[in-house]
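Asks: Sequence:
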Amino acid sequence: MMTEQEIPAPGFADFLVVDGDAVWVTNRGRVEEWAVSGKLAEVAMPRPCGTMAIAAGALWVAECTGKQVYRIALASGAVETTIPTGLADPRGETNVVAGAGSVWVASDPAGKVARINPASNTVVAEIAVAPGTAFLAFGFDAVWAVSSAGQVLQKIDPASNAVVGTVPLGQQPGFLAAGEGAVWVQEQGDGTVAKVDPAGLAVFGRVKVGANLKYGDIDTGGGAVWLRTTDDQTMVVIDPATLAIRARLGKPAGSGAVRYTPEGVWTSAHDNETISWWTAPAGAK
Numbered sequence: 001m002m003t004e005q006e007i008p009a010p011g012f013a014d015f016l017v018v019d020g021d022a023v024w025v026t027n028r029g030r031v032e033e034w035a036v037s038g039k040l041a042e043v044a045m046p047r048p049c050g051t052m053a054i055a056a057g058a059l060w061v062a063e064c065t066g067k068q069v070y071r072i073a074l075a076s077g078a079v080e081t082t083i084p085t086g087l088a089d090p091r092g093e094t095n096v097v098a099g100a101g102s103v104w105v106a107s108d109p110a111g112k113v114a115r116i117n118p119a120s121n122t123v124v125a126e127i128a129v130a131p132g133t134a135f136l137a138f139g140f141d142a143v144w145a146v147s148s149a150g151q152v153l154q155k156i157d158p159a160s161n162a163v164v165g166t167v168p169l170g171q172q173p174g175f176l177a178a179g180e181g182a183v184w185v186q187e188q189g190d191g192t193v194a195k196v197d198p199a200g201l202a203v204f205g206r207v208k209v210g211a212n213l214k215y216g217d218i219d220t221g222g223g224a225v226w227l228r229t230t231d232d233q234t235m236v237v238i239d240p241a242t243l244a245i246r247a248r249l250g251k252p253a254g255s256g257a258v259r260y261t262p263e264g265v266w267t268s269a270h271d272n273e274t275i276s277w278w279t280a281p282a283g284a285k
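Numbering (the numbering used here), first residue to last: 1 to 285.
Hints listed in this document are in silico derivations from the structure and should not be mistaken for laboratory results. Treat the hints with caution; some may be incorrect.
Here are the computed lysine-lysine pairs in the DSS-like style, where the Cα-Cα straight-line distance is at most 25 Å [as the list claims (entries may be wrong)]:
1. 208 <-> 67
2. 214 <-> 251
3. 208 <-> 251
4. 112 <-> 67
Beta-carbon label-pair distances, calculated as ranges [what the hints assert, rightly or not]:
5. 30 <-> 201: 37 to 47 Å
6. 79 <-> 12: 30 to 40 Å
7. 160 <-> 76: 33 to 43 Å
8. 47 <-> 121: 37 to 47 Å
9. 223 <-> 201: 16 to 26 Å
10. 202 <-> 11: 40 to 50 Å
11. 232 <-> 118: 38 to 48 Å
Heads up, the beta-carbon is just placed ideally off N, CA and C, and yes, glycines get one too.
Please put together the full structure from these sequences, using the hints given.
Replies: Here it is as C-alpha cells:
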C-alpha cells in the first residue's frame, strides 16, 4: 500500500512533468515548480495547457491562447522563446513530448504533428496524421499519436517523419504512455486501458477499470502502469504482464495527472487544488 502526502496547490493544478526531485505543474496563468516541501518557482504565461516535456535544459509547454509552445529555461525560469506551432486542441487536452532529439506537439485539428528542433527553436517538419489527433507519447524509438475522433493510434517514425502504421481503438481514446513493454492507451469512453504491441501494432490486451476514464492521465515505470482516474478512486496500479489491477488508491478526486518516479508517484487534483506525493512504506515491496 502507498501512502499519500497531500500538498495544497491553489488555483487549478493540473498537468505534471518530473524534474529531478521536483515536479512542474500547469496552473491558471502560470506554470509552477513544486517539491514536497512546497513551491520552488513560478513562471507566468497566458494559458498553459496539456502535458509538458523537458529537453535541452528547458521546459516545453503548450500555451492555448496563442496556440504556441513556450520554451522556459529550467535553471533560471526565464522564458527563452515562444514558437508559433498552432495547436490541434486549444481546449487543452493535448501533449508536448520529447524524443529523437526533438520536441513534438499536435499542431492542427485537420491532422498535423509539428517537430521542433531545440537547437534552432523552429518547426523542422510537419507530419500528416488523422484529423483530430491531439494526444502524443514517445517511446520505442517512435512518436505515438492518438486521434480520439478517429479512434486510432498512429506510429510516427522520426527517421522518415511519416506515419508507418495504425491500430484501431475503442471509444474516445485519449492519453497514452509508452513503456513497460507496450503502448498503453486510455479508451476513455469504454473505461478500459488498451495494451498495444509496439512492433506488431495490434491490441493484445485490455484492462477494464470502470464505467469510463474521463479524463485522468496515464504513465508507466517501476514495473507498473499508473492510471489517474476520475471515478471510484484517485489512482489505479496495473500489472503490465498479467493486466491485473494491483491496487486502487485514494478517494475520487476529479480529474488530474499522474507521473511516476523511482522514489514515488506524483498526482494532481485540480478540483481540490492539491498535488500529492505517494510513496511505499519502508521495506514494502
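Asks: Against each hint, give a clear statement of whether it holds in the structure.
Replies: Status of the hints after comparison with the structure:
no.: 1; hint: 208 <-> 67; verdict: 35 Å, violated
no.: 2; hint: 214 <-> 251; verdict: 16 Å, holds
no.: 3; hint: 208 <-> 251; verdict: 19 Å, holds
no.: 4; hint: 112 <-> 67; verdict: 14 Å, holds
no.: 5; hint: 30 <-> 201: 37 to 47 Å; verdict: 40 Å, holds
no.: 6; hint: 79 <-> 12: 30 to 40 Å; verdict: 20 Å, violated
no.: 7; hint: 160 <-> 76: 33 to 43 Å; verdict: 37 Å, holds
no.: 8; hint: 47 <-> 121: 37 to 47 Å; verdict: 20 Å, violated
no.: 9; hint: 223 <-> 201: 16 to 26 Å; verdict: 24 Å, holds
no.: 10; hint: 202 <-> 11: 40 to 50 Å; verdict: 42 Å, holds
no.: 11; hint: 232 <-> 118: 38 to 48 Å; verdict: 40 Å, holds
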